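> Top to bottom, those sequences are chains A and B. Each number in my numbering corresponds to the 1-based position in the first sequence with 850 added. Each number in my numbering corresponds to the 1-based position in the second sequence with 1170 added.
These aren't lab readings, by the way, just hints derived from the structure by calculation. This one's a predicted model, so the numbers in the text were calculated from it and none came from an experiment. Don't take every hint at face value.
Here are the simulated DSBU-like cross-link-like pairs (lysine-lysine), alpha carbons at most 30 Å apart as the crow flies [unchecked claim]:
| hint | chain 1 | residue 1 | chain 2 | residue 2 |
| --- | --- | --- | --- | --- |
| 1 | B | K1302 | B | K1334 |
| 2 | A | K965 | B | K1333 |
| 3 | B | K1312 | B | K1322 |
| 4 | B | K1333 | B | K1284 |
| 5 | B | K1302 | B | K1390 |
| 6 | A | K965 | B | K1334 |
| 7 | A | K965 | B | K1312 |
| 8 | B | K1333 | B | K1312 |
| 9 | B | K1354 | B | K1302 |
| 10 | A | K965 | B | K1284 |
| 11 | B | K1322 | B | K1303 |
| 12 | B | K1302 | A | K998 |
| 13 | A | K1057 | A | K998 |
| 14 | B | K1334 | B | K1312 |
| 15 | A | K1057 | A | K1035 |
| 16 | A | K965 | B | K1390 |
| 17 | B | K1354 | B | K1284 |
| 18 | B | K1354 | B | K1322 |
The residues making up each chain are set out below.
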Amino acid sequence: MAQRISVIDYGMGNLRSVSKAVEHVADSHDEVLVTDDPQLILSSDRVVFPGQGAARDCMAAISDHHLNQAVLEAAATRPFLGICMGLQVLLEFSEENEGTELLGLIPGQVRHFEKGMNGPDGRRLKIPQMGWNRVNHCNEHPLWRDIKQDSRFYFVHSYFVSPEDSALVAATTDYGINYASAIAKDNLFAVQFHPEKSADDGLQLLKNFVNWKV
Amino acid sequence: MLAKRIIPCLDVDNGRVVKGVKFVDIRDAGDPVEVARRYNSEGADEITFLDITASSDNRETIVHVVEQVASEVFIPLTVGGGIRTEEDVRRMLNAGADKVAINTAAVFNPEFVKQATSRFGSQCIVVAIDAKKVSAEGEPLKWEIFTHGGRKPTGLDAIEWAKKMVDYGAGEILLTSMDRDGTKVGFDLPLTRAISDAVTVPVIASGGVGNLQHLVDGVKEGGADAVLAASIFHFAEYSVGEAKAFMAEQGVEVRI
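Bound-form chain A, shown alone (with noise of 0.2 Å):
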């Protein structure tokens, strides 16, 4: 059956780009949206909460295009997909931009990758960690479905989320430290890293958020 995926659009980040990769792995007569508008959005079977950029500014503009509770009140209801931003923005705080409060959802802060950190081969990280690492499954969850593990996606970023309940991490990745690349909660699920743009495994991990039956 034909179903609407919204992909929420705050301004922050590479929209084109995921509403892209979901519409080739979405059913042909499924809808595609890319909006703000909180009506659209609740009125969807399946809700794409991306982002880029930085903690208060992804914070600011949320709040700019009233889409608070929208969020919320979404992730809370259907399949959510959170990718990158939109997975950090679900904790409490960052320690980003000299602190900034987040929407709350999860219990956990958003912390930055220590400087001066060292890899296997004893040189030194650069932050941001930018290139292709690899994903390791802490359960068996239906967006894992057909995804080895430990492949690797595409990660962007500097700060990373650090959730107080384990039981939350769907995945973990190393880099320096081990930390979360992925949480899922009941409806919800978000990844640190860009389905859209990891290739086969990152357009099958939409593939299986499409056909997610919760």
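Given chain A, put chain B in place with the hints provided.
Using the frame of chain A, we list chain B on its own:
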């Protein structure tokens, strides 16, 4: 562990790939979409488009190229060439580019880098640096920034310039040795090493790749986080897949 990236670079003139891409099994080797699709299927980690369109009247063509490629190829895309204003950046990102490379405009107006990174985020602003060795034999090594395809010196020290651009918010440095560009004798490894050690952000090495060992050297000796090459891939001397297999054999972490 994070993989080292391999990035094929395509020169695009008026919406067409130039410098004679030679793939036997591609119908139209001048079509950026077909070439990008091919590189994606070979396992390229990103693709960079360098717009060399001379006339500003035809600048719009690269926007359409990016739109078409971004609709079909789901890996990161970087666009460079002629990025001079915030509006140029916005148009490229809206078309589906993930990053833009700023080169000459950064030299003439460094504040532009600051403005662009604060408006769009460091993650999408690459500063491209064209450097040339200016120290004589026996002197301590020194490189200077050049513009206009390596013809005009600027007096800017390459290492200091790279650090400044990172302070201004650059999320990545695309470093091209103008001494090595087109020579096929390998990267300028001391230059790559010096810049990579001097900055906290990733460095892409460019200029001079003639064989697969050069790619390995760029990472192992140059300390590059990514390697960019054009002709060895275009002329099908090596596929991206072969390059990755070779690098993996040499102990470089790559995405296979």
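> None of the hints should be skipped; say for each whether it holds.
Structure-based check of all given hints:
no., hint, result
1, B:K1302 to B:K1334, "holds, 18 Å"
2, A:K965 to B:K1333, "holds, 16 Å"
3, B:K1312 to B:K1322, "holds, 16 Å"
4, B:K1333 to B:K1284, "holds, 13 Å"
5, B:K1302 to B:K1390, "holds, 22 Å"
6, A:K965 to B:K1334, "holds, 18 Å"
7, A:K965 to B:K1312, "holds, 28 Å"
8, B:K1333 to B:K1312, "holds, 15 Å"
9, B:K1354 to B:K1302, "holds, 16 Å"
10, A:K965 to B:K1284, "holds, 22 Å"
11, B:K1322 to B:K1303, "holds, 13 Å"
12, B:K1302 to A:K998, "violated, 45 Å"
13, A:K1057 to A:K998, "holds, 15 Å"
14, B:K1334 to B:K1312, "holds, 17 Å"
15, A:K1057 to A:K1035, "holds, 19 Å"
16, A:K965 to B:K1390, "holds, 22 Å"
17, B:K1354 to B:K1284, "violated, 34 Å"
18, B:K1354 to B:K1322, "holds, 23 Å"
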